[in-house]
Amino acid sequence: MTAVPVEHGLILAGALFVLGMLGVLVRRSIIFMLLSVEIMLNAAGVAFVVAGSRWQQPDGQVMFIFILAVAAAEVSVGLALAIRMYHKLKTLDTNAAGRMKG
Amino acid sequence: MNDLFYISAVVAVISTGIVITKLNVVHALLYLIVSLLAVAMVFLSLGAPFVAALEVIIYGGAIMVLFVFVIMLLNLGPEHIEEKKQYVGGQAWLGPVVLAGILIAELVSVFVRGGGQVAGNVVIEPKQTGIALYSIYLIGVELASMLLLSGLIGAYHLGRKDDKLDAGEDGGGQQ
Chain W
0 MTAVPVEHGL ILAGALFVLG MLGVLVRRSI IFMLLSVEIM LNAAGVAFVV
50 AGSRWQQPDG QVMFIFILAV AAAEVSVGLA LAIRMYHKLK TLDTNAAGRM
100 KG
Chain D
0 MNDLFYISAV VAVISTGIVI TKLNVVHALL YLIVSLLAVA MVFLSLGAPF
50 VAALEVIIYG GAIMVLFVFV IMLLNLGPEH IEEKKQYVGG QAWLGPVVLA
100 GILIAELVSV FVRGGGQVAG NVVIEPKQTG IALYSIYLIG VELASMLLLS
150 GLIGAYHLGR KDDKLDAGED GGGQQ
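Just so you know, the sequences run in chain order W and D.
For the first sequence, position 88 (counting from the first letter as 1) is numbered 87 according to numbering that gives the first Met the number 0, and the numbering increases by one without interruption.
For the second sequence, position 120 (counting from the first letter as 1) is numbered 119 according to numbering that gives the first Met the number 0, and the numbering increases by one without interruption.
Errors might be hidden in some of the hints.
As the list claims (entries may be wrong) - Dumping the calculated DMTMM-like pairs for lysine to aspartate or glutamate here, alpha-carbon to alpha-carbon at most 25 Å:
1) D/21 with W/58
2) D/126 with W/58
3) W/87 with W/73
As the list claims (entries may be wrong) - Quick look at which bits of chain D chain W covers, simulated, 3 or more residues with Cβ under 8 Å:
4) 33-42
5) 58-67
6) 89-101
7) 104-113
8) 121-135
9) 146-152
Honestly, the hints are just simulated from the structure, not real lab data.
Just so we're clear, the structure is a prediction, and the values are computed from it rather than from any experiment.
Ideal Cβ placement from N, Cα and C applies to all residues, glycine included.
Using the sequences plus the hints, can you model the full thing?
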């Protein structure tokens with residue numbers, strides 16, 4: 000029984016990352032942009048786990064746990080900002096928040 | 000059992016593609032949960048059962064629930080009732096159910112074939128991961144704890160009810 004080639008795992012990670020990046024670039028709703036950032040972080044985690052599996056070391060999984068912590072912190076702050084933005088601008092469209100003061 | 004990897008990879012890419020094209024955010028969330036479950040299956044087939052469980056529990060459980068909370072918080076009030084009816088009505092559940100059914104079939108086939116060694120990849124046990132995490136990556140654990148604490152404080156600060164933050168926005172906190 001052969002192992003999954005590392006290239007195929009990296010292709011999966013790359014495909015997920017590109018899909019997430021497309022989501023960030025194309026969508027204008029802040030909720031969808033946060034979702035797409037989650038997809039990109041998850042794809043980076045896939046790449047780490049694939050690499051850790053290739054060298055049969057636990058380091059890739061440890062890095063995935065750190066990515067998980069980063070994703071949790073990012074999504075909590077991001078969603079709090081989304082609620083704040085909705086209360087202030089009455090919309091989730093990021094174009095409405097394009098102007099800064101000063 | 001490399002086929003498990005490829006089937007779940009295809010499911011993950013398909014459902015992620017649907018996530019970024021759906022207009023309805025709750026339907027997109029359903030597909031994203033399927034995508035995360037498929038990625039968990041990929042991890043299992045690569046011999047990483049610990050992060051597969053973490054993926055389901057933290058990504059599919061905690062973070063997605065946070066998204067659902069926020070979406071439901073944003074659309075309060077009677078004018079959004081029609082919008083909310085679209086969330087659950089119709090045939091929206093069909094696609095995620097089919098994709099999740101493929102994953103369940105994979106899981107059943109793992110049990111039928113005996114579990115344990117899923118693919119040719121060497122299984123890295125949670126024990127090895129834990130030992131690495133709390134020995135050579137101890138500083139990373141400390142940094143992650145500080146990051147989570149700052150995330151907690153930041154979310155609390157931004158989510159406060161009063162409008163002091165709005166009033167102070169043009170001046171900045173320190174000036």
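* Take a quick look at whether residue 87 of chain W and residue 73 of chain W sit within 25 Å of each other, Cα to Cα. => It holds: about 21 Å lies between the C-alpha atoms, which stays within 25 Å.
* Check, residue by residue, whether the region 33-42 of chain D contains three or more positions whose beta-carbon lies closer than 8 Å to a beta-carbon of chain W, and give the verdict. => holds (count 5)
* Asked: Has the given pair, residue 21 of chain D with residue 58 of chain W, been kept, meaning a C-alpha gap of at most 25 Å?
  -> 36 Å, violated
* To do: Please count how many residues of the region 58-67 of chain D have a CB within 8 Å of a CB from chain W and say whether that reaches 3.
  => holds (count 5)
* Within the assertion that chain W covers the region 146-152 of chain D, do at least three residues meet a Cβ-to-Cβ distance smaller than 8 Å? -> Holds, because 5 residues of the region 146-152 of chain D bring their Cβ atoms closer than 8 Å to Cβ atoms of chain W.
* Check of the region 89-101 of chain D against chain W for coverage (Cβ-Cβ below 8 Å, three residues minimum) -> Answer violated; 0 residues pass the 8 Å Cβ test.
* To do: For the pair we were handed, residue 126 of chain D and residue 58 of chain W, check the Cα-Cα distance against 25 Å.
  => Distance of about 12 Å is within 25 Å: holds.
* **Stated coverage of the region 104-113 of chain D by chain W [criterion: 3+ residues, CB within 8 Å]** => violated (count 0)
* Annotated coverage of the region 121-135 of chain D by chain W, confirmed only when three residues or more have a Cβ within 8 Å -> Holds, because 7 residues of the region 121-135 of chain D bring their Cβ atoms closer than 8 Å to Cβ atoms of chain W.
When the structure is compared with the earlier hints, violations turn up for hints 1, 6, 7 and for no others.
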